[in-house]
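Using this note's numbering, read the sequence shown as starting at 1 and increasing by one per residue.
I should point out that these hints are in silico values taken from the structure, not numbers from a laboratory. Predicted model, so just to flag it, every value in this text is computed and none were measured. A portion of the hints provided could be inaccurate.
For lysine to aspartate or glutamate, the following DMTMM-like pairs were computed, each having C-alpha atoms within a straight-line distance of at most 25 angstroms [what the hints assert, rightly or not]:
#: 1; residue 1: 175; residue 2: 77
#: 2; residue 1: 99; residue 2: 141
#: 3; residue 1: 59; residue 2: 77
#: 4; residue 1: 144; residue 2: 170
#: 5; residue 1: 92; residue 2: 119
#: 6; residue 1: 41; residue 2: 83
#: 7; residue 1: 99; residue 2: 15
#: 8; residue 1: 41; residue 2: 89
#: 9; residue 1: 126; residue 2: 149
#: 10; residue 1: 52; residue 2: 83
#: 11; residue 1: 175; residue 2: 66
#: 12; residue 1: 150; residue 2: 42
#: 13; residue 1: 150; residue 2: 170
#: 14; residue 1: 144; residue 2: 63
#: 15; residue 1: 98; residue 2: 78
#: 16; residue 1: 99; residue 2: 128
#: 17; residue 1: 41; residue 2: 14
#: 18; residue 1: 26; residue 2: 170
#: 19; residue 1: 98; residue 2: 83
#: 20; residue 1: 150; residue 2: 83
#: 21; residue 1: 99; residue 2: 63
#: 22; residue 1: 98; residue 2: 127
#: 23; residue 1: 150; residue 2: 89
#: 24; residue 1: 80; residue 2: 170
#: 25; residue 1: 92; residue 2: 54
#: 26; residue 1: 126; residue 2: 14
#: 27; residue 1: 150; residue 2: 63
#: 28; residue 1: 59; residue 2: 14
#: 29; residue 1: 80; residue 2: 42
#: 30; residue 1: 144; residue 2: 129
#: 31; residue 1: 150; residue 2: 119
Distance windows between CB atoms, simulated [said to hold, decoys possible]:
#: 32; residue 1: 47; residue 2: 149; range: 20 to 26 angstroms
#: 33; residue 1: 48; residue 2: 159; range: 16 to 22 angstroms
#: 34; residue 1: 18; residue 2: 138; range: 32 to 38 angstroms
#: 35; residue 1: 127; residue 2: 173; range: 30 to 36 angstroms
#: 36; residue 1: 27; residue 2: 128; range: 35 to 41 angstroms
Think of the CB as a built atom: it goes at the ideal place given N, C-alpha and C, for glycine as much as any other residue.
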Amino acid sequence: MRALIVITPRNFRDETVSLARLLFGKWGVTPVIASYTKGEKECVGTHGAIYKPELNATKLTSEGFDALLVVDGPGVDEYKLHDFRPLLDLIKDFVSNKKVVGAIGNSVKVVARANVITDRTISAPKDEEISRLVRIYRGRESEKPIEYDKFLLTARNPQSAEQFLNAMLEQMGVK
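Put together the whole structure using the sequences plus the hints.
Below is the structure:
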């Protein structure tokens, strides 16, 4: 099994990525890091962790992957991932092919903008912009810290990252 982990070129939450790589590896899921950097640039997290993306996410499809994780952090807003059409299309591709898509914290707005939350319940940060997107795209906000609904796994905040990633592994059928 393989899980695609999408990060921003700068200021992604490195804790989320390192924990995902650790847990995925422990359960036999190969983590594949992708970003939208040009060339062979390294991506730097908020705490200085450096990852060299294995793939350029602009040319990807869900084929060959079992899950997609959109990593949170300040870079999501800085790079306006919620407006980046190739990522929004990639999320739609995963959901339409019944593959797990995970978003945590502020990356939930990217999933909302991909227009895949209609009639789905999601856990999202208490944020006016995200609440507005949930209303626009006809989703439902959950009071739970983590929510899974029709191949979409969302978590309100990064403090529940370990529980979130364990739930992702369960939904992938490996745990």
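Status of each hint after checking the structure:
{"no.": "1", "hint": "175 - 77", "in the structure": "32 angstroms, violated"}
{"no.": "2", "hint": "99 - 141", "in the structure": "21 angstroms, holds"}
{"no.": "3", "hint": "59 - 77", "in the structure": "22 angstroms, holds"}
{"no.": "4", "hint": "144 - 170", "in the structure": "18 angstroms, holds"}
{"no.": "5", "hint": "92 - 119", "in the structure": "15 angstroms, holds"}
{"no.": "6", "hint": "41 - 83", "in the structure": "22 angstroms, holds"}
{"no.": "7", "hint": "99 - 15", "in the structure": "24 angstroms, holds"}
{"no.": "8", "hint": "41 - 89", "in the structure": "23 angstroms, holds"}
{"no.": "9", "hint": "126 - 149", "in the structure": "19 angstroms, holds"}
{"no.": "10", "hint": "52 - 83", "in the structure": "23 angstroms, holds"}
{"no.": "11", "hint": "175 - 66", "in the structure": "14 angstroms, holds"}
{"no.": "12", "hint": "150 - 42", "in the structure": "34 angstroms, violated"}
{"no.": "13", "hint": "150 - 170", "in the structure": "14 angstroms, holds"}
{"no.": "14", "hint": "144 - 63", "in the structure": "31 angstroms, violated"}
{"no.": "15", "hint": "98 - 78", "in the structure": "30 angstroms, violated"}
{"no.": "16", "hint": "99 - 128", "in the structure": "29 angstroms, violated"}
{"no.": "17", "hint": "41 - 14", "in the structure": "16 angstroms, holds"}
{"no.": "18", "hint": "26 - 170", "in the structure": "13 angstroms, holds"}
{"no.": "19", "hint": "98 - 83", "in the structure": "23 angstroms, holds"}
{"no.": "20", "hint": "150 - 83", "in the structure": "23 angstroms, holds"}
{"no.": "21", "hint": "99 - 63", "in the structure": "10 angstroms, holds"}
{"no.": "22", "hint": "98 - 127", "in the structure": "28 angstroms, violated"}
{"no.": "23", "hint": "150 - 89", "in the structure": "17 angstroms, holds"}
{"no.": "24", "hint": "80 - 170", "in the structure": "30 angstroms, violated"}
{"no.": "25", "hint": "92 - 54", "in the structure": "22 angstroms, holds"}
{"no.": "26", "hint": "126 - 14", "in the structure": "22 angstroms, holds"}
{"no.": "27", "hint": "150 - 63", "in the structure": "19 angstroms, holds"}
{"no.": "28", "hint": "59 - 14", "in the structure": "24 angstroms, holds"}
{"no.": "29", "hint": "80 - 42", "in the structure": "19 angstroms, holds"}
{"no.": "30", "hint": "144 - 129", "in the structure": "19 angstroms, holds"}
{"no.": "31", "hint": "150 - 119", "in the structure": "10 angstroms, holds"}
{"no.": "32", "hint": "47 - 149: 20 to 26 angstroms", "in the structure": "31 angstroms, violated"}
{"no.": "33", "hint": "48 - 159: 16 to 22 angstroms", "in the structure": "21 angstroms, holds"}
{"no.": "34", "hint": "18 - 138: 32 to 38 angstroms", "in the structure": "35 angstroms, holds"}
{"no.": "35", "hint": "127 - 173: 30 to 36 angstroms", "in the structure": "32 angstroms, holds"}
{"no.": "36", "hint": "27 - 128: 35 to 41 angstroms", "in the structure": "37 angstroms, holds"}
Checked against the numbered hints listed earlier, the structure breaks hints 1, 12, 14, 15, 16, 22, 24 and 32; every other hint is satisfied.
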